[in-house]
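S.K.: Put together the whole structure using the sequences plus the hints.
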Amino acid sequence: MADSHNIDATKPHNPDTDGFAHEESELESHLQSKHMVINMGPSHPATHGTVRLRVELEGETIVKIDPEIGFLHRGFQKSCENVTWTQCLPYTDRLNYLSAMMNNFGFLNAVEKLIGLEIPERAQYIRVIGSELHRLTDHLTCVGATGLEMGGFAPFLYGMEARELIQDRVTELTGARLTTSFGRVGGINRDLPEGWSEKVLKTLDRTEELLQEMDGLLTRNRIFVDRTKGTGIISAQDAIDYGWTGPALRACGVDHDLRKAHPYWVYERFDFEVVVGQHGDNYDRYLVRLEEMRQSIRILRQALATIPAGPIIVDDWRIALPPKPEVYGTIEGVMAHFKLVMEGIQVPPGEVYDATEASNGELGWYLVSDGRGRPYKVHVRAPGFPVLAALPHIIQGKMLADLVPTFDTINMIGGEVEQ
Amino acid sequence: MDRVAAQFPEAVAERYVDRAGGAWAVIHAEWLPKVATFLKMDPELDFKLFGSADAVDRLHLAESDPRFEIVYFLYSLKRKEHVRLKVRVTETRPEVPSLSALYRGANWWERLAFDFYGIRFTDHPDLRRILLYDEFQGHPLRKDYALRDRQPLIPERPIKDIFRGPGTSGVA
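Chains as they are written, first to last, in the numbering used here: chain D, 1 to 419; chain E, 1001 to 1172.
No lab work stands behind these hints: they were computed from the structure.
Note that the Cβ used here is the ideal one computed from N, Cα and C, for glycine as well.
Treat the hints with care, since some could be wrong.
Stated by the list, open to error - Quick list of simulated restraints, FRET-style, between CB atoms:
id : chain 1 : residue 1 : chain 2 : residue 2 : range
1  : E       : 1155      : D       : 206       : 28 to 34 Å
2  : D       : 225       : E       : 1091      : 34 to 40 Å
3  : E       : 1016      : D       : 343       : 25 to 31 Å
4  : E       : 1008      : D       : 172       : 53 to 59 Å
5  : D       : 206       : E       : 1081      : 54 to 60 Å
6  : E       : 1044      : D       : 310       : 28 to 34 Å
7  : E       : 1091      : D       : 60        : 28 to 34 Å
8  : D       : 392       : E       : 1017      : 36 to 42 Å
9  : E       : 1151      : D       : 262       : 37 to 43 Å
10 : D       : 44        : E       : 1151      : 23 to 29 Å
11 : D       : 371       : E       : 1017      : 26 to 32 Å
Stated by the list, open to error - Residues of chain E clear of chain D, computed beta-carbon distances all greater than 10 Å:
id : residue
12 : 1013
13 : 1015
14 : 1029
15 : 1051
16 : 1052
17 : 1084
18 : 1118
19 : 1127
20 : 1151
21 : 1156
M.R.: The following block contains the structure:
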């Protein structure tokens, strides 16, 4: 046996490593590790918004992690409590800037519950269509960004292409790209533009093609699978205990979707499946989102095919603005318009908790009214908040490299967490 | 709610149904952990999913005594049902037993209520501010905290023609 202190003559000569060969260990020994504290964020490419992750490392292992939510706050609750109910809408848009319509409609649904109002059928259909379009944009961004941060640029571009197409349709519908403020108490703002449905159907065809491309690039990609499969695992029990909802919870194997459990609007008329994962790891969360987009497209196709004609907002001047000819031509119209704009909708005193299934989970609203035109209390149960709260539990004791895919797939949104 | 009232008759101060049909129970503060444990552990009720928690400052409402209400929303996956619990505490002693030991999800929501309303949760493992910085004075969501009150950590540069959010009383 050759002396380990001498260069092994049977191996080829390598000037780069020969100098270390006598130490026997340099290449084979454990990596040097020392305890250190690293700030990921608030302007790290992998952290969103203003989130700062204070990570304590032992080598590459995360010993402790303390997420600090940061200072994006706009004072969401306080701002809402000082404007009329309708004026809250732009604030709700900005909770999750990728699915603004879902936040709009969720808030309005709660207000309508508080008033005890049933909205017209066509408005319910349009709400479903808007919500599912925005579920698509949200999931496309999440899946695309996950691919991007695992080193794949192409899936991100495909995701962005589909998202752009959908956002063009959203622009045609609402007049805004991101922050739509599209709903109104009692219905929605405008009817579908002419020829819009056909355009959406074409967009959906293209989106399906692009989804297929993303699927092909990521789902069996060696790097992607290695980094996401078996990392960021949370058990179903722990996820429930933390209050997870939405795709992140369904990836743990829990069959829970508010669209099925408590159908609102016209969701019970559509044929779709709740996508459920098995392992609760990053890979399953990615797969669940991918499949959920296909289900959204299914819902959209059914909704566009069966949407009935009719009014899009309730015919009640105490709640909805009167039509413009009435405002300009009649004194009742002027008065109703003036009172709605200046004083806001007079919501009867009371309280309500209502939740809808937003793209990342249960978006709950707890509203208290004191009977005047402004909300007395607006509490939003943002789906990203419990998800971020569970991050230390998931990632402590794991590798630093696992943090990036985990942070991607839990998809916490700064705007709603930071309120 | 019927089962809670039957199990703990002296815990429930009030029960009512809101306009949307949601059942509420107002619980005496000291009973909260027991009621929540029952709701979570009872195999038929199974309220295991922690929804959220928040506080309400009732300063300007018709009934303003006691001043604060802490609301909890729990969800049962088995029964597909929300449950709403409420605890009322006074301004002088805004203390509630924490549910963090029972639900890990309660930890952050209770920190949020502490940060914004100054509610103290006894036995909370990590009760510190979650959104605002440590030097912040007071609790911004209380109704007696002025809308346009500002506490900058570094002095702000004077800018005349900027509109700083809703509300018109007072000038920044």
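S.K.: Determine for every hint whether it applies to the structure shown.
M.R.: The hints, checked one at a time:
no., hint, result
1, 1155(E) x 206(D): 28 to 34 Å, "violated, 53 Å"
2, 225(D) x 1091(E): 34 to 40 Å, "violated, 56 Å"
3, 1016(E) x 343(D): 25 to 31 Å, "holds, 28 Å"
4, 1008(E) x 172(D): 53 to 59 Å, "holds, 56 Å"
5, 206(D) x 1081(E): 54 to 60 Å, "violated, 41 Å"
6, 1044(E) x 310(D): 28 to 34 Å, "violated, 43 Å"
7, 1091(E) x 60(D): 28 to 34 Å, "violated, 50 Å"
8, 392(D) x 1017(E): 36 to 42 Å, "holds, 39 Å"
9, 1151(E) x 262(D): 37 to 43 Å, "holds, 41 Å"
10, 44(D) x 1151(E): 23 to 29 Å, "holds, 27 Å"
11, 371(D) x 1017(E): 26 to 32 Å, "violated, 19 Å"
12, 1013, "holds, 16 Å"
13, 1015, "holds, 14 Å"
14, 1029, "holds, 19 Å"
15, 1051, "violated, 6 Å"
16, 1052, "violated, 4 Å"
17, 1084, "violated, 6 Å"
18, 1118, "holds, 15 Å"
19, 1127, "holds, 14 Å"
20, 1151, "holds, 12 Å"
21, 1156, "holds, 14 Å"
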